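Novice: Given next are the chains, with one letter for each unit.
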Amino acid sequence: MLSIRDLQVTVDDKQILKGLNLQIKAGEVHAIMGPNGSGKSTTGYALAGKPGYEVIGGEVEFLGKNLLELDAEERAREGLFLAFQYPVEIPGVSNMEFLKASVDAQREHHGLEPLDAVSFMKKARDICKVVGLDQSFLKRGVNEGFSGGEKKRNEIMQMMLLEPKLAILDETDSGLDIDALQIVANGVNALRSPERSFIVVTHYQRLLDYIVPDYVHVLAGGRIIKSGDKSLALELEEKGYGWIENEVA
Amino acid sequence: MSQFLEQLASLRAGGPAWLQAVHDAGAAILRDAAWPTRKTESWKYTSLRPLEHINFLAERGHAINADLSQHFAIANFDAYRLVFVNGVFSANLSDLQGLPAGVELIRFADANASQQELLVKYLNSVVEADCHLFAAVNQQLIEDGVFLHVGKNIELNKPVQIVWLSSAQEKPFHIPQRFLLLAENHSSVILVEQFVSTADSQNSFTHGVTELCLQDGARCEHYRIHLEEQSAVHVGGVYASLAANSYLDSFHLGLGGPLKRVDVVINHNGPGADCQLNGVYLPQGNQQIDYHTTIEHRVPNCTTQEVFRGIVADNAKAVFNGRIHIHPQAQKTRAELSNKNLLLSDKAEVNTKPELEIYADDVQCAHGATVARMDENALHYFLMRGISRKEAEVMLSFGFINELIGQLKQEALTDYLRPVLTHWFGRETSLVDELAAAE
Chain A
1 MLSIRDLQVT VDDKQILKGL NLQIKAGEVH AIMGPNGSGK STTGYALAGK PGYEVIGGEV
61 EFLGKNLLEL DAEERAREGL FLAFQYPVEI PGVSNMEFLK ASVDAQREHH GLEPLDAVSF
121 MKKARDICKV VGLDQSFLKR GVNEGFSGGE KKRNEIMQMM LLEPKLAILD ETDSGLDIDA
181 LQIVANGVNA LRSPERSFIV VTHYQRLLDY IVPDYVHVLA GGRIIKSGDK SLALELEEKG
241 YGWIENEVA
Chain B
250 MSQFLEQLAS LRAGGPAWLQ AVHDAGAAIL RDAAWPTRKT ESWKYTSLRP LEHINFLAER
310 GHAINADLSQ HFAIANFDAY RLVFVNGVFS ANLSDLQGLP AGVELIRFAD ANASQQELLV
370 KYLNSVVEAD CHLFAAVNQQ LIEDGVFLHV GKNIELNKPV QIVWLSSAQE KPFHIPQRFL
430 LLAENHSSVI LVEQFVSTAD SQNSFTHGVT ELCLQDGARC EHYRIHLEEQ SAVHVGGVYA
490 SLAANSYLDS FHLGLGGPLK RVDVVINHNG PGADCQLNGV YLPQGNQQID YHTTIEHRVP
550 NCTTQEVFRG IVADNAKAVF NGRIHIHPQA QKTRAELSNK NLLLSDKAEV NTKPELEIYA
610 DDVQCAHGAT VARMDENALH YFLMRGISRK EAEVMLSFGF INELIGQLKQ EALTDYLRPV
670 LTHWFGRETS LVDELAAAE
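Those protein sequence lines, which keep their order, are chains A and B.
Each residue of the first sequence is one higher than the last, beginning at 1 in our numbering.
Each residue of the second sequence is one higher than the last, beginning at 250 in our numbering.
Chain A with its partners taken away, still in its complex shape:
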């Protein structure tokens, strides 16, 4: 699904990723944890192709394609989805219009007709229920005046509509209470399938109780310094990151 080799990324001329390696097979869930400033969000943005995140070295292959040659919008249409840590507010553009434009852009890319409005609305309403957002959120401006939790749920709603092949969740659990956390996890778990992979970026082991990962990686100083199974997350929760950094050093 995704193969990252020696990825090096700079932001504003400052190198953040310094040789990241990661292999993800279809159907797998990988958690990335790590201290602040280690490059977790940068990994997500660089993979999603956000302008300003400059790849200066390494290779990324996504579903057999050279991901780094694709523009951000092409990556999204190929099935890569990034749930933002801080979703952007866009007054004046309704959520449903935004959602439909993104769904249609993806469909067009795959040679499909735009989804008819009735089917789209039905699907969107159903997903609203799953993520616990009132249907009125479809009519409101994108994330406009949404609470932190509502914004995160809105990201999950987008993910469920777009049905990506690889979803990257960038600290989607931060700022969520337990109920919202469960809703987010339910959304992810509902999408889990042998064809779909996830990268879950988080600070807290708690989320991984709900979204059980196949692998856990520790990112520090712009590289992955340790990988393990879900028990690694528990160990990190208990001991922090210091011991691994010492071990590696």
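Calculated pairs, EDC-like style, for lysine to aspartate or glutamate (alpha carbon to alpha carbon, straight line, at most 20 Å): (1) B:K639 - A:E108; (2) B:K602 - B:E585; (3) B:K596 - B:D624; (4) B:K639 - A:D71.
Since the hints were derived computationally from the structure, they do not count as laboratory data.
Since the model is a prediction, treat every value here as computed from it, not as a measurement.
Position chain B relative to chain A; hints supplied.
Specialist: This is chain B only, laid out in the frame that chain A set:
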């Protein structure tokens, strides 16, 4: 003296006999008038060159015998309608059936004795033609116009739609547009002034004056929509007088042109008057548009809320001048003015100037103007959801004015304007309408 004014001095307008005195008063103002140049403050950023280079005054508009209703039809909008084609009244396209008693909606040409009396009394009672050159030009040249008189306590049951439709003629021509509303105490009226054109390349110059006279407690919802084809020239104005506790909600929308200028002057003349003034302007290509608004707070306890937003694309140029003048007696005034602009290209230009002049001490006033480029963060969000840059720019621009269009009290007008604007923004289908229909 400019060629325009010189030529004007030799013109004699026709129309009903009682208009003669109006023409003469206009001509008298123009005899001493100076032609605005770039040094004239109120015309600093807008060039009158099209009027200097093209001889519009030599010809008037002619009627056309064709069904032109497609150019102004508003779906699901049942209104009393008057249509002028190239300035000539079209009975076929108009519909005044069922006007209730106590309401008069007539052309100047048809005014009876008592209506003439009102016209003579109220025409030019709001606009200060000696301060607005083109109001004086209009005054000298009008031969017809529309008079709406709503009697005391009458709530007009349907909106009034006045259409000024222009087409192309062999030679450049001018269209005098004139409207007078007299809304008596506690009456209520919804009014649409719609400027549209056939698809031909236009060679018309419309000069217009709309006067809204709201007496005590009267309410008026007013929409002035400029959708003329892009080469039409228009210099016009809306002048309102608000008596005690009256309410005016005035919405403006303008696409650009080679010369398009609209002055809006609101006079708070009675305590407790309230005004909401909103507008949207959208010049593109090599067009320009100029909105000059002035709010005169002459008495205490009045409020004004003014919001104008503009999107300027390509090489286009916009001017927004928003003046709020609070006179010494106008204590307890509350006035807010906001003007936000979005520039879609490096060559787009906007000249925005909020002017607050306050001579009373117990008032609440705020004003602000911004000029911005497209929000890159928002744009990236669209891109990362697979939406193309072009589509994202369109959606974001549309979003910028959608808030104002979306909150119109007449839903039919929102529905009418959205496809027009989506077309303007280069979108083939209207997602918004499609989604709204699916609900």
